[in-house]
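*Asks:* Heads up, the sequence shown is in the numbering used here, so the first residue is 1 and it goes up one at a time.
Among the hints, a few may not be true.
[To be verified] With a cut-off of at most 20 Å between alpha-carbon atoms, the simulated EDC-like pairs for lysine to aspartate or glutamate come out as follows:
(1) Lys57 to Glu75
(2) Lys61 to Glu37
(3) Lys23 to Glu44
(4) Lys41 to Glu87
(5) Lys50 to Glu4
(6) Lys23 to Glu87
(7) Lys31 to Glu87
Keep in mind the hints are simulated off the structure, nothing from the lab.
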Amino acid sequence: PVSETINLSGISAHQDANFTEIKSVLQSALKTGFDLEIATKTTEHPTFEKGHCADVKINNKTVGVIGEISSKIIENYKIRVPVVAFEISLSESILKSL
């Protein structure tokens, strides 16, 4: 059988992009669209800048990651502005809680 997941992701790239901005975008989208609250807990992930990355939690369950894309990745792709992103899984258990 095929297993499918529903993910939600977002990215922002501009001179003032930062962790606080992308977290606010995610909080607003989940509150408005699903009436869900999130919590974040600092973590490390190779895609994101150290100290600017967090696990995303819904109902005390880790569902994704959020943060500022690492400077190494930014340099490798010759991107001229900061980039922030998130990806979360809207698993069946999360959607059932709505």
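*Asks:* Each hint: holds or not?
*Replies:* Against the structure, the hints:
no. : hint           : verdict
1   : Lys57 to Glu75 : violated, 30 Å
2   : Lys61 to Glu37 : holds, 12 Å
3   : Lys23 to Glu44 : holds, 16 Å
4   : Lys41 to Glu87 : holds, 15 Å
5   : Lys50 to Glu4  : violated, 31 Å
6   : Lys23 to Glu87 : holds, 11 Å
7   : Lys31 to Glu87 : holds, 16 Å
In terms of the numbered hints stated before, the structure departs from hints 1 and 5, listed from lowest to highest.
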